[in-house]
Structure formats: C-alpha cells, structure tokens
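Chemist: Residues per chain, in single letters:
There are 2 protein chains.
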Amino acid sequence: MDYIKVPGEIEKGSFEIISKELGDKDITGLEGAVVKRIIHTTADFEYRDITLVHPDAIHAGIRAIKAGGSIYADTSMIMAGVNKKRLSSLGGEILNHVHDEDVAKKAKELGITRSMVALEKACTNSDIKIFAIGNAPTALFMLKKLIEEGKVKPDLIIGVPVGFVGAAESKDEIAKLDVPYIITKGRKGGSPVAAAIINALLYNA
Amino acid sequence: MDYIKVPGEIEKGSFEIISKELGDKDITGLEGAVVKRIIHTTADFEYRDITLVHPDAIHAGIRAIKAGGSIYADTSMIMAGVNKKRLSSLGGEILNHVHDEDVAKKAKELGITRSMVALEKACTNSDIKIFAIGNAPTALFMLKKLIEEGKVKPDLIIGVPVGFVGAAESKDEIAKLDVPYIITKGRKGGSPVAAAIINALLYNA
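First to last, the sequence lines map onto chains R and B.
So the first sequence is numbered by the UniProt record's numbering: it starts at 1 and just counts up by one.
So the second sequence is numbered by the UniProt record's numbering: it starts at 1 and just counts up by one.
Extracted from the complex, chain R is given alone in its bound form (with noise of 0.2 angstroms):
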C-alpha cells in the first residue's frame, strides 16, 4: 500500500485540501487558523458556518497564554488534546478539576452536576485566564451566572459544549456578554473542538 507516512507531510496535505475545498468560504487570517483547525479536528466543513467569533477574542486569548495564563478545561479529554509541552514553554497550565474528591462531593450534596462545582472552583483560580468548555452546558450556565456576579471576568471563554440538552442554549447565552468568545452555535462542539481552538491560539501566540 501506498500512502504518506511523513508526519509533517500529513497535516500540510491536510490543511491545503481545507482551503481548496472551502473555495469562496475560505477564511484567512488568525480566524481562519481557528476555523480550519476545528475542520482538520471533525471533518466538518459546518464548523465555517456556526464558528462566532468575538471581534476581541483571537487577540485576547493570544495575549493571555503570551503572558503565561492558565487554561481551564471542563474535561480531561480536552487537556489530552492540548500541546501542553508549548503551553507550558510559555509560562501556562491546564487545569480540570471535576474529577477532584471535594468538586464529587460538593456535586453529591448538592444534586448537580460535577461539571458545576469544578468550575465554581476554578473561578477562585486567579492564574486562569480562558475557559474552554467542551462538554458541560451547565458549567457554561455556570460561568455566566459568576461572571455577572462580578466573581471572575475571563480573557476569554471556549464555549463548545457539545450536545441536545442545554448546549444551543447555553452557547447563545454566552454570546449574549461582553466578554471575548468563541462560540459553536447549535448542538455541534466538543472536546476536540475545544482543544483545537486552544492549540490554533498557541501555534499563534
């Protein structure tokens, strides 16, 4: 069998049937690294159409890894997704904490989900600067609640919560602030997306 098996030629092959495909739609620029990165990731070209990107949130997220931010993820999958050695090079960290003992036990007590209480959490976090959420719509309603609470004020938020029960809604709730976002309209999102936004932001930072 026949087929390429240099690493650096895969993603370069890749990336260039992305722009060829996208044909008009194509986007250039720092959004169009985000975008196609999240198309490289699903094989989704929907992903051009329901990516909203805040006017500040490229520049905003690129700054705060720049100046050594922390990330927090709300699943794990997404911090295996992440270049986690180029994060760290510049100064930052990525941090889950829904599978910490005292987030499990808050989350038992209180009849929520864990998802909820881990973020509540990382909002006492100074060092975190972005919030990448790729799974869980109420620790996206959650984020909401405490940043109109004055409680935590993100560079930016990854919102990508992936999903038929309170995903759509919670994405165009974020969308509603005035804090940097990038946002997947509708049910599509996901951990992968998530990680692919994040590491777009550090191949550019």
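Just so you know, these hints were derived from the structure itself, not from any lab.
Careful: at least some of the hints might be erroneous.
[Stated by the list, open to error] Residues on chain R that point at chain B, a partial pick, calculated with CB under 8 angstroms: (1) THR41; (2) LEU146; (3) ILE147; (4) GLY150; (5) ARG187; (6) SER191.
[As the list claims (entries may be wrong)] Pairwise CB distance ranges, derived in the manner of DEER restraints: (7) B:GLY150 with R:HIS59: 37 to 45 angstroms; (8) R:ASP56 with B:GLU9: 43 to 51 angstroms; (9) R:LYS176 with B:ASP56: 46 to 54 angstroms; (10) B:LYS151 with R:GLY23: 39 to 47 angstroms.
[Claimed, not checked] Which chain B residues stay away from chain R? Per the calculated CB distances, all over 12 angstroms, these: (11) LYS20; (12) LYS66; (13) ALA107; (14) GLY134; (15) LYS153.
Note that CB positions come from ideal geometry on N, CA and C, so glycine has one too.
Fit chain B to the supplied structure of chain R, relying on the hints for placement.
Modeler: This is chain B only, laid out in the frame that chain R set:
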C-alpha cells in the same frame, strides 16, 4: 436561568431526543446503542449512515472486554474519554504507546509516524484484544499489514480515524479484512467517536 442540572437527567434526555429525531431511521439493539452513543458525542446524525458495523463486531468486542482483554488506543484523547473504572473492573486496561521514548526514537530514525511504530509495539502485547484508531490512518494501514502478515489477530478493530489524508482509504482497507470491525466511512471520525464506541461496548458488557 432554568436548565437541567441533574447529571442522569441530561444523558437520559439526550438519548430520547436522538431516538426521536432518528425517527424511521432509529436503530435498536446493540448496534443502535453504539451508533446513538456516537451521535450523543458528536451531535452529528450523519454517523447513522456512515457507521459500518461488521456482523460479529459488537459481540466480539463485548466478549473480549468481559474476558478482561485490553485495548490499544492511538491517542491519549481516546484514553481520556473511556470509562477506565468500568474497564478495569472487568480486568482490562487501555494503552497507548505514541509518547513512549523508544517509539519516538525509532520513528525519527525511520522518518515515519510515531503512530505506526507505536501500533507495531502494541501488536507484541498479547493482552491487547481491541485496537481503537481515532486519529492516525498510518496506524490503521500498519495494523492491516501486520494482520496480513499473521503477526496479530485482533478480536475487534475500531477504525475511525478522522481526516483528509489517508483516513477514508485506511478505513476502506480495513473493511476488506476478515476481522470484526467498526468503522466510519469517509473522512469523519476521531478520538471521541472511538471513545464513544468503546464506552457503548463497556456499558453493554
């Protein structure tokens, strides 16, 4: 804001919506459980049409898991997404070799992907009964080669690499083999799809 905060309710509600929207295309039984969990993870109903399940695949996978078989995953994102507690309660574990030092060294020497070398290493471990490839077509091509050479005989191949260079072709090659497989035809797939398939098997084992 009023939204569902109770963990179990969110998943239950999601699967009800998926079944309802599948309508005439709804599928029941174990194949349905697999396909619906993929849709739950991606919010993408196209997986109803592109997921190809070999007639023996699901039973072979469940049998392997119940017997304590281990799983090789080509990405750490798959490992992050799999219910490892449930897997280990059945005696298996999930492994990945892409970040092993010896693998990185050999891949560099040969000028091929680490995914290929890692896959080859996994094939020397007889505890591994299921191979789940969510990212690297090169790993899937390598797996096909080793099967044809008689060096490995998996109980199940979960072949769902996503992408633009080699992904579709690698899956077509797997579908020619006389080995139980679950694949996603074309470009779509990815680590969350692989993890969703594994979890569907785990929850039915």
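Chemist: Taking the hints in turn, state whether each one holds.
Modeler: These are the hints, each one checked on the structure:
Restraint check, THR41 of chain R versus chain B: the minimum CB separation of about 7 angstroms is within 8 angstroms; hint holds. Here the hint on LEU146 of chain R is broken, as its CB sits about 12 angstroms from the closest CB of chain B, past 8 angstroms. The interface hint given for ILE147 of chain R is violated, since its Cβ lies 13 angstroms from the closest Cβ of chain B, which is over the 8 angstroms cut-off. A cut of 8 angstroms between beta carbons decides the hint on GLY150 of chain R: the least distance to chain B is about 17 angstroms, and the hint is violated.
With a least beta-carbon distance of about 4 angstroms to chain B, the hint placing ARG187 of chain R at the interface is held under the 8 angstroms criterion. Hint on SER191 of chain R holds. Least Cβ distance to chain B is approximately 6 angstroms, under the 8 angstroms limit. The hinted window of 37 to 45 angstroms between GLY150 of chain B and HIS59 of chain R is violated, with their beta carbons roughly 56 angstroms apart. The hinted range of 43 to 51 angstroms is not satisfied by ASP56 of chain R and GLU9 of chain B, whose Cβ atoms lie roughly 36 angstroms apart.
At roughly 51 angstroms, the beta-carbon separation of LYS176 of chain R and ASP56 of chain B lies within the given 46 to 54 angstroms, and the hint holds. In this structure the hint that LYS151 of chain B and GLY23 of chain R lie 39 to 47 angstroms apart at CB holds, the actual value being about 44 angstroms. The beta carbon of LYS20 of chain B is not kept farther than 12 angstroms from every beta carbon of chain R, the shortest such distance being approximately 10 angstroms. The Cβ of LYS66 of chain B lies farther than 12 angstroms from every Cβ of chain R, with a closest approach of about 26 angstroms, so its non-interface assignment holds.
The Cβ of ALA107 of chain B sits about 8 angstroms from the closest Cβ of chain R, inside the 12 angstroms cut-off, so the non-interface label is violated. Listed as outside the interface, GLY134 of chain B is inconsistent with that label: its C-beta sits roughly 9 angstroms from the nearest C-beta of chain R, within the 12 angstroms cut-off. The Cβ of LYS153 of chain B sits about 19 angstroms from the closest Cβ of chain R, beyond the 12 angstroms cut-off, so the non-interface label holds.
The earlier numbered hints that this structure contradicts are 2, 3, 4, 7, 8, 11, 13 and 14.
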